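S.K.: Add chain X to chain L, keeping to what the hints say.
Spelled out from the first residue to the last, the chains are:
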Amino acid sequence: MSKKILVADDEPNIVISLEYLLKREGYSVQVARDGKEALDVIARERPDLVLLDVMMPIKTGFEVCQAVRANEGLQGTKILMLTAKGRDTDVAKGTALGADDYMTKPFSTRELVEKVAKLLGGLP
Amino acid sequence: MRLDRRLLLVMAAAGLVMAGWLGATLALLWFTLEPDQRELAGKLLGPRLALLGMSWAVAFALAAAGLRALWRTYVNRPARLLEETRVLLAATGAQQLNARGSREMRALGEAINALAAQRDLLREDMARQVTQASQRVQQEKNRLSALMAELTQSVVVCNLDGRILLYNNRARLQLREFSQMPELVAGAELIGIGRSIYAVFDRQMVAHALENIHQRMVRGAASPSTQFVTTTPSGQLLRVQMAPVRPGKTDADDIDAFSGFVLMLDNVTRNFEQESLRDRLLYGLTEGSRSSLASMQAALDMLGYADIEPEMRERFMRVLREELTAMSGRITDLVQHSTQGLKTRWPLEEMLGSDLVTAARRQIEVYCARSVTVDSVDESLWLKVESFSLLQALTYLSSRLVDEFEVKFMRLRLQAAGPRAQLDLIWTGHAMSTETVMTWEMDPMRFGAESLPLTVRDVVERHGGEMWFERERVRHEAFFRFLLPLATAQERLEATELSQSDSRPEYYDFDLFQTSTQGSELDDQLLSELSYTVFDTETTGLNPSDGDEIIQIGAARIVNGKLLRQETFEQLVDPQRLIPTASSEIHGITQAMVVGKPAIGAVLPALHAFARDTVLVAHNAAFDMKFLQLKEASTGVAFHQPVLDTLLLSAVVHPNQESHQLETLAEGFNITLQGRHTAMGDAIVTAEVWLRLIPLLAAMGIRTLRQARQAAQETYYARLKY
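Line order of the protein sequences matches chains L and X. Everything in the first sequence is counted per the numbering used here, starting at 83 for the first residue and increasing by one. Everything in the second sequence is counted per the numbering used here, starting at 159 for the first residue and increasing by one.
Rather than coming from a laboratory, the hints here were simulated on the basis of the structure. If you're wondering where the values come from, they're calculated on a predicted model, not measured in any experiment. C-beta: ideal position from N, C-alpha, C; glycine also. Any given hint could turn out to be false.
Derived DMTMM-like pairs (lysine to aspartate or glutamate); straight-line CA-CA distance at most 20 Å [what the hints assert, rightly or not]:
#, chain 1, residue 1, chain 2, residue 2
1, L, Lys197, X, Asp459
2, X, Lys542, X, Asp582
3, L, Lys167, X, Asp437
4, L, Lys105, X, Glu472
5, L, Lys85, L, Glu145
6, L, Lys167, X, Glu445
7, L, Lys141, L, Glu127
8, L, Lys105, X, Glu469
9, L, Lys141, L, Asp92
10, L, Lys118, L, Asp92
11, L, Lys86, L, Asp116
12, L, Lys105, X, Asp465
13, L, Lys141, X, Glu445
14, L, Lys167, X, Glu433
15, L, Lys105, X, Asp459
16, L, Lys86, L, Asp130
17, L, Lys175, X, Glu445
18, L, Lys105, X, Glu467
19, X, Lys542, X, Asp459
20, X, Lys755, X, Asp706
21, X, Lys542, X, Asp424
22, L, Lys141, L, Asp172
23, L, Lys105, L, Glu127
24, L, Lys175, L, Glu145
25, L, Lys141, L, Glu119
Some, not all, of what chain X presents toward chain L, calculated at C-beta under 10 Å [stated by the list, open to error]:
#, residue
26, Met169
27, Arg448
28, Ile466
29, Arg473
30, Ala484
31, Phe785
If we strip away everything but chain L, and leave its shape as in the complex, we get (with noise of 0.2 Å):
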């Protein structure tokens, strides 16, 4: 059975072109636009990686990456944070609220397909 992947962002731009590339990879990918449906897509479908946007609309990737690590059942569930930021601050809060990796946009798709595939073990 393939590895589901949440990808959390509010852009749909991006979206489409990370739901197209995962999918080509193999993986099961689900969509949120905004935090909040974020996390009601985590606790329904049970993700093994999430693609967190930091900056979303009602609740922000902190906010969702927070929510999910404080959760004792969603304790496999990788985080991958998405930001546009660039400053090592949100960095280093992102690592801090748990997140399990991240990259600044833009950022290479085949090098995005890497650190999926390192976090979930190199099987899609």
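M.R.: Chain X in isolation, oriented as in the chain L frame:
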């Protein structure tokens, strides 16, 4: 002439000595004689003893006369000289004493005269120095108040109790933002000499800042100031800088003591807004662009797959197009805002447009020796400009027109153009090519041999404006048009008020540094030290209980024995009833004048705030107070301050006068009447009368508020009730 007892004693002693000398001589002769000779001498002298006595008497008389003459010269004359010297000692003006008698006496007299002259000289010199010094002090005070008035920064000086000792007009305008009733009192109830700064700023906040300063002083900081940012009720941001006022003397023990503090206020709302705008632009540039780039990069990567479905290819192409449009939109935005938000780094000042045009006309006429006329000027326009460089640019362009195209006449025109103003420099005749204009714009400005590092373009850009050249072929005219920024409404208001008011003295009272009212009851304070609100009302009639209403209130403040003519309260009130013609004839207020004015319910809270912490004073106060008291229930405003009545207190001072009317009192005190029967005019006269009554009451032993109130109660007039 009376003889001195001491002289009589000396004379008696001389008589005794002479008698003794005579007796001793006779006795000596007696012992040298033989017995028969003694018998013979006895027989000879016995009958002539009387002659001997007479001889003594004559000799005594001669000696006494001599003694008396000597006494007069050596005792009486010095005594007289002593008396005259004492007079001289007490004399305030120049005087000379006239010494007679012996040479030594005359010399002594002259020496005393010389000493006195020297003293007079020193005294005059001292008086001159004192006058000069006090003139200098006065000059310095005037200079200080002039300086304060012209400062572009708001300054308030307070003593440690938080009482305001000094403020400038700009501070008043800025703190008006804190007023709950800006249209009625315009902040006069908040900022004024002797008022508490805690009415404006939170006491805790000021205490915290003072504590900060204290700690810095203890640590030995050279300039121990601190600052805080606070918001006004209307949401403006005010940055407050606080510095201590230290006593002049540098006493080692007093190193951390200070007698008050200076507050410098800065409205940073606009800076803050500009910074937020800058932040937003920056965000658009960084995060926004990063997001767009990320979307584009990902879409591009997907397009790289050879086996991509056609509809997905089209979808990714659309992503690229959308994000490209978003990026260029962001850049357009940035360019547009940056001219306003990022580039205007020159300190631009608010200036009345017509003033700028007048100055430009004068400068061009002087420099180019050509006549310049002013075409049409919108008098209401307030510009935000750096006038010096702008005038240079106009003069430079004019000089090139004159030098290179022999233009004889020029005109200036200023009009509004949307959110900006357009200033035109117009001439008739020659029109040059666009290339020429371009050169003029980009060349460093030259004035004779002097070349500036600035170009006309620089000047225009630093104003966030624009400039171009246009032709009007029909009228055979051409002009340079400058687009210039306008001042915002708030800046305009402040600039107008600053230019209109003759902001001078009365804005300071450093004597309040010494005053501390903490803990002392008003009743036991000296009349000369209390703060007063002297007020008067004009009404529709004399019977408040029968529906007569207030139509005007005027009030002035007395602080520290000085009438503050610039801190006044004047307001027309809509009585919401007809004003009888008979009363209009007295006060001159007609129905038309009160239309649209606030009702008493809105005005009394403002008056109440204006009169906070003061004693109320009015002439025939019972009348005015009755009007105020009747409104207590409907307005919820009660005046619990102590009240003094100049009519009653005049009766205390002059119990035998028949009239205690305000006019009579003013005349008696030689006070010039201004605007009699206007509330403000009468309030000012009442205040002047009260200031003159205070010392007269003090002379009768009535010094405190309690004593004055008791004395007033006991007078006959106190029994009159309205």
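S.K.: Run every hint past the structure and note whether it holds.
M.R.: So, going through the hints one by one against the coordinates:
1. Lys197(L) to Asp459(X): holds, 16 Å
2. Lys542(X) to Asp582(X): holds, 16 Å
3. Lys167(L) to Asp437(X): holds, 13 Å
4. Lys105(L) to Glu472(X): holds, 18 Å
5. Lys85(L) to Glu145(L): violated, 24 Å
6. Lys167(L) to Glu445(X): holds, 5 Å
7. Lys141(L) to Glu127(L): The given pair, whose Cα atoms are some 19 Å apart, holds under the 20 Å limit.
8. Lys105(L) to Glu469(X): holds, 16 Å
9. Lys141(L) to Asp92(L): Satisfied, since the Cα-Cα distance of roughly 11 Å is no more than 20 Å.
10. Lys118(L) to Asp92(L): holds, 11 Å
11. Lys86(L) to Asp116(L): Holds - the C-alpha atoms of Asp116(L) and Lys86(L) are around 18 Å apart, at most 20 Å.
12. Lys105(L) to Asp465(X): Holds, at about 14 Å.
13. Lys141(L) to Glu445(X): Distance ~18 Å between Lys141(L) and Glu445(X) Cα, so the pair holds.
14. Lys167(L) to Glu433(X): Given pair Lys167(L), Glu433(X) holds - Cα atoms ~19 Å apart, limit 20 Å.
15. Lys105(L) to Asp459(X): holds, 14 Å
16. Lys86(L) to Asp130(L): With Cα atoms ~5 Å apart, Lys86(L) and Asp130(L) stay inside 20 Å; holds.
17. Lys175(L) to Glu445(X): This hinted pair holds, its Cα atoms lying about 17 Å apart.
18. Lys105(L) to Glu467(X): holds, 14 Å
19. Lys542(X) to Asp459(X): Since the Cα atoms of Lys542(X) and Asp459(X) sit roughly 51 Å apart, the hinted pair is violated (cutoff 20 Å).
20. Lys755(X) to Asp706(X): Given pair Lys755(X), Asp706(X) holds - Cα atoms ~17 Å apart, limit 20 Å.
21. Lys542(X) to Asp424(X): Holds. Lys542(X) to Asp424(X) sits at ~18 Å (cutoff 20 Å).
22. Lys141(L) to Asp172(L): Status holds; Cα separation ~16 Å.
23. Lys105(L) to Glu127(L): At roughly 17 Å apart (the allowed maximum being 20 Å), Glu127(L) and Lys105(L) satisfy the hint.
24. Lys175(L) to Glu145(L): holds, 11 Å
25. Lys141(L) to Glu119(L): holds, 9 Å
26. Met169: With a closest approach of 118 Å, the Met169(X) hint is violated.
27. Arg448: Holds, about 4 Å.
28. Ile466: Check passed: Cβ of Ile466(X) comes within 8 Å of chain L, closer than 10 Å.
29. Arg473: At about 6 Å, which falls below the 10 Å cut-off, the nearest Cβ of chain L leaves the hint on Arg473(X) intact, so it holds.
30. Ala484: holds, 9 Å
31. Phe785: violated, 60 Å
Comparing the model with each numbered hint stated earlier shows that hints 5, 19, 26, 31 do not hold.
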